[in-house]
Amino acid sequence: MAGLQDEVDVLRRIPLFANIEPARLKLLAFTSDRMAFAAGQELFHEGDAGDAAYVIIDGAVDVLKDTDDGEQLLVTLKKNAFVGDIAILCDVPRTATVKAKDRIETLKIQKEHFLRLMTEFPEMAVEVTRVLAQRLQKTTDDLTACREELEHAKGN
Amino acid sequence: MEPNLFKYVWRYSRADQIWTLFIVVASMPFAFYAYELPKKIVNGPIEGSDGFEIPGAKQPFLQLHFEVPAWISSDGMLRLFDGIPLGRFPYLYALCGAFLLLVCVNGLFKYYINTYKGRIGERMLRRLRYSLLDRILRFPQSQFRRIQASQMATMIKDEVEPLGTFIGDAFVTPVFQGGLALVAMGFILAQNFILGCVALVVVLAQAIIIPALRRRLLELSRQRQLESRALAGRVGEIVDGIQEVHVNDASNYERAEVATRLSRIFFIRYELYQRKYFIKFLNNFLAQFTPFLFYLVGGIAVISGDMNLGQLVAVIAAYKDLPSPIRELINWDQSRLDVQIKYSQVIEQFEAENMIDPEMQEPVADPSPPLTGAINAANLGVTDDTGATLIRRTSFSVPLGDQIAVVGLVNSGAESTGEVLAKLLLPTSGRIELGGKDVEDMSEAVLGRRLAYVGPDPFLKQASIRDSLLYGLRHVPLRDPEGETRTALELSEFKRSANTLLDIEADWVDYEAAGVDGPDALDDRIVEVLRTVDLDEDIFELGLRGKIDPAKDPELAEQVMTARRELRERLEQPPLSDLVEPFDPAKYNHHATLAENLLFGTAVGDAFAHENLASNAYFLEVLAATGLDKELFGMGQQIARTVIELFSGLPEDHPFFEQLSFMTSEEMPEYEAVIGRTAGLDFERTKGDDLTMLLKLPFAYIEPRHRLGLMTDDLEARLLEARKKFADDLPQELADAIEFYEPETYNAASSLQDNVLLGRVAYGIADAQGRVHAAIQTVLKELDLRDAVFEVGLNFDVGSSGKRLTSVQRQKMVLARALLKRPDLLIVNRAFSSLNASSQDQMVERVLAATRSGDGRAGSGVFWVLQNPGSALQFDHALVFEDGTVAEQGTPQELRQSGGRLVELIEQS
Chain A
1 MAGLQDEVDV LRRIPLFANI EPARLKLLAF TSDRMAFAAG QELFHEGDAG
51 DAAYVIIDGA VDVLKDTDDG EQLLVTLKKN AFVGDIAILC DVPRTATVKA
101 KDRIETLKIQ KEHFLRLMTE FPEMAVEVTR VLAQRLQKTT DDLTACREEL
151 EHAKGN
Chain B
1001 MEPNLFKYVW RYSRADQIWT LFIVVASMPF AFYAYELPKK IVNGPIEGSD
1051 GFEIPGAKQP FLQLHFEVPA WISSDGMLRL FDGIPLGRFP YLYALCGAFL
1101 LLVCVNGLFK YYINTYKGRI GERMLRRLRY SLLDRILRFP QSQFRRIQAS
1151 QMATMIKDEV EPLGTFIGDA FVTPVFQGGL ALVAMGFILA QNFILGCVAL
1201 VVVLAQAIII PALRRRLLEL SRQRQLESRA LAGRVGEIVD GIQEVHVNDA
1251 SNYERAEVAT RLSRIFFIRY ELYQRKYFIK FLNNFLAQFT PFLFYLVGGI
1301 AVISGDMNLG QLVAVIAAYK DLPSPIRELI NWDQSRLDVQ IKYSQVIEQF
1351 EAENMIDPEM QEPVADPSPP LTGAINAANL GVTDDTGATL IRRTSFSVPL
1401 GDQIAVVGLV NSGAESTGEV LAKLLLPTSG RIELGGKDVE DMSEAVLGRR
1451 LAYVGPDPFL KQASIRDSLL YGLRHVPLRD PEGETRTALE LSEFKRSANT
1501 LLDIEADWVD YEAAGVDGPD ALDDRIVEVL RTVDLDEDIF ELGLRGKIDP
1551 AKDPELAEQV MTARRELRER LEQPPLSDLV EPFDPAKYNH HATLAENLLF
1601 GTAVGDAFAH ENLASNAYFL EVLAATGLDK ELFGMGQQIA RTVIELFSGL
1651 PEDHPFFEQL SFMTSEEMPE YEAVIGRTAG LDFERTKGDD LTMLLKLPFA
1701 YIEPRHRLGL MTDDLEARLL EARKKFADDL PQELADAIEF YEPETYNAAS
1751 SLQDNVLLGR VAYGIADAQG RVHAAIQTVL KELDLRDAVF EVGLNFDVGS
1801 SGKRLTSVQR QKMVLARALL KRPDLLIVNR AFSSLNASSQ DQMVERVLAA
1851 TRSGDGRAGS GVFWVLQNPG SALQFDHALV FEDGTVAEQG TPQELRQSGG
1901 RLVELIEQS
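Protein chains in written order, with this note's numbering: chain A, 1 to 156; chain B, 1001 to 1909.
It is worth saying that the hints were derived from the structure and are not from the lab. Remember, it's a predicted structure, so these values are computed and weren't measured experimentally. Yeah, the Cβ is synthetic: ideal placement off N, Cα and C, and Gly gets one too. Treat each hint with caution, since some may be false.
[As the list claims (entries may be wrong)] Selected chain A positions facing chain B (in silico; Cβ < 7 Å):
id: 1; residue: Leu4
id: 2; residue: Val8
id: 3; residue: Phe30
id: 4; residue: Met35
id: 5; residue: Gly40
id: 6; residue: His45
id: 7; residue: Lys65
id: 8; residue: Thr67
id: 9; residue: Gly70
id: 10; residue: Cys90
id: 11; residue: Glu112
id: 12; residue: Arg116
id: 13; residue: Thr119
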């Protein structure tokens, strides 16, 4: 039986929570819901209101984006990934759909709990900023690459 | 109503009053003989005088000889019966027997007279209460702005109550006691004129002074009545407006106000007592003052030889009989005034101008012909009682069968027009006609059946959902009830109190109006209507959460059991497997709390309610017998320590506390103290309260939810043992406090839904609740059980004023009720304010589709005063109100193109 301690271990491996003292992490685990999803079940759908973020404890999820040509796979995330943070951080609807690739185990962290932890642990806020900056960096790189490709295609 | 209570009583109970009086008079000779007999017994057979002086003498028993004038009988004696000659002993027996007989006869007279008087009183009271209620039903609408419901209720219930006891005595007492007093007075006057005059003067003084003193008393009791009534009104207002009291922090203001009223009532009462008992004192004094005068004046007269002693003694003896009737008369007079005041105070409140003519409410069985033609307003004007203009002389004409949208801002005249159409508001000028007939002249039998009205403040009285829906179909009894519902006696009393004879037990439902041929088809029609107003799922859910009595409905219980088996089969297959853990007597249920696992049943009543378990003696006994108490105590300590470790230092309002199911943030310090106290202690030395607190923690424990890793296979096995022991040894007196989970038996204490499921939905699986619920729905549908569940939902009690339903549900109920009677014209007046604009739009769409004629149905005209102007586009015709008049009308499309007021209103909304 997966106990609280396992979840604390998982949480500690996530960069976002790395600097939080273990006692608080245990509290976060205790107050969060352990939630299993069957293969193909959606954790949330693009456009929904965001109420929670998920830590993937076991299994993998697909992050999908609705496009005119149907759903497009953006990335597949594995164990220890943290998904759904943007919607609860920025108070915007879900920016993508997250779907279980196989049977997965997650830890569901409520929005208020997450925000409250951020205010109590500035380290966590810094960490969140860092992770978001990294993502922005990656997105920018991708965008640049796309543009170049586009220019290249036009040039031809 | 008759302002004088006496006239009212006399008018309706004359024969009864005269009969009572007759019986009272007829009882007098027997009472008199009962006083006479003891003297005869003592003087005759016992003492041996009165003709028994000689041993062996006989005396005639039951001799009937009367002295009569000589013209009847020559020797002045009428001899009806010479009597039976009896010796001393037989004579004693005969007299004693006669005495016993008289005691019985007198007792029976008293019994008869009292019952009879009581019945007259109650009958009159019944008539009065009925006619007061009748008047409420006939009050004009404007009256209800002035009166308070709770005041009306106290008046009908409490204030008229004393009338009942008085009415029986209203005529008998003055006649009878007055007669007795007159006889005694006449006797005194005959004995000695002067002393007689003295007595007369004193009595007259009493008769004059006391009523004068009492005048203030009457005023006080009038004030008291008004104050008490106002108090009842205020209490009613506090209850009705309790939310306002709370949100305005006005509870102390209310306390102070009621306290002030109570103080006023107290001092009114206090003054009343002072005066009342002073009058009593005066009365007693005057009663004793007369003998004083007799002794003085009579004594002087006897000594000076103007009167002999025998006369004085006779006068004093006769006077002794005088005070009692006089006192009775005075008491009677007191209650007469009191009751008369109460009566007129009540009657006054039930007087209203423009009462609805009883003819308008005649119970008519024949359906009136359908209304056809047009809704025609001619110069219609309405001014309310404050002088504000609601409708300003407007005229319009629209076809009655059309779907008409009425649009306008609040107070533009739109909603008032809806009310005038339903005759809830009367025009001050002009008129509104339906099919050529003035609405004002139409009876309620026509309006209540041909029209349906849904207003902004829906009201449901306490009844089942089904009865609430059928309320609009029950106008007159249409089919006789099965068997006799009333005995001949009950029926005659209905008549004597002029109560309506319409039988509430009869079948009142007008199936034809609902478009069905009988009770069986009605249910389908109800489902259809509920679907139109989007209430069918709600009612179905209520049915699922409802309970049934398997003894009364064994068939449904059996079907539910089939559904349970079917669901269980499905839950064993993917994708539903793992979603539910069924209750299995031989297995520990991991998704139920530890305490639920021990009880393994639904608690009925408080004994085994969750919060009482840790202090329930039998439950603790079972734990002790299995040695689990020690183990659970340790578990409690462990949980408490973990929780304290995790949560200590968090502020009380931290959102994490919401997730804590074991204790509240306020209880944390208590648990810290308990842990401190029990730290070094053995289980055996832990005191009661600490133990209770610690045991509560493991009781609420669910491993997959709390994940503290406290459950072991060994512990589970021991809990199962305890579960068995708990059930096996359950004492007789607790047998009704729990209904055990048995896979093959219907559980009467649980809802239908829980019976189908009989298990716990698993924790930690995404959307498990929703998927299980959907599975239950599917199973019920496949087994054709939806209707039966629906039926249970229809029996749901809506609660006082329908408060167990949400306000949206109440509004939908009233609309469903209106649709059920298939009116010629459905008036919807700014209903559904609690729905958002798009839901309102959908509601309009569904209702319009359902009322449009087609499929052989006649359809209904609709006059919908819209909350959301945008919905107007769905209607045939639109009336746009502005400033109390119709500003524009036409088809919504025309009006939209012309870009007038309607467009403005739609844009503003």
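Evaluated hints:
1. Because the smallest distance between the Cβ of A:Leu4 and any Cβ of chain B comes to about 5 Å, under 7 Å, the interface hint for this residue holds.
2. Taking 7 Å as the C-beta cut-off, the interface hint given for A:Val8 is violated, the closest approach to chain B being about 11 Å.
3. Against a cut-off of 7 Å between C-beta atoms, the interface hint on A:Phe30 holds, since the closest Cβ of chain B lies about 6 Å away.
4. Interface restraint check for A:Met35: the shortest CB-CB distance to chain B comes to about 5 Å, inside 7 Å, so the restraint holds.
5. Here the hint on A:Gly40 is broken, as its CB sits about 9 Å from the closest CB of chain B, past 7 Å.
6. Checking A:His45 against chain B: minimum C-beta separation of about 12 Å lies over 7 Å; hint violated.
7. At a threshold of 7 Å, the smallest CB-CB gap from A:Lys65 to chain B is about 21 Å, leaving the interface hint violated.
8. A distance limit of 7 Å between C-beta atoms decides the matter here; for A:Thr67 the minimum to chain B is near 25 Å, and the interface restraint is violated.
9. The interface hint given for A:Gly70 is violated, since its Cβ lies 24 Å from the closest Cβ of chain B, which is over the 7 Å cut-off.
10. Violation of the interface hint for A:Cys90 is found here, the shortest Cβ-Cβ separation to chain B being roughly 19 Å, above the 7 Å cut-off.
11. Hint on A:Glu112 holds. Least Cβ distance to chain B is approximately 4 Å, under the 7 Å limit.
12. Hint status for A:Arg116 relative to chain B: holds, with the closest Cβ pair at about 6 Å, below 7 Å.
13. Of the supplied interface hints, the one on A:Thr119 is violated, with its beta-carbon coming no nearer than about 11 Å to a beta-carbon of chain B, more than 7 Å.
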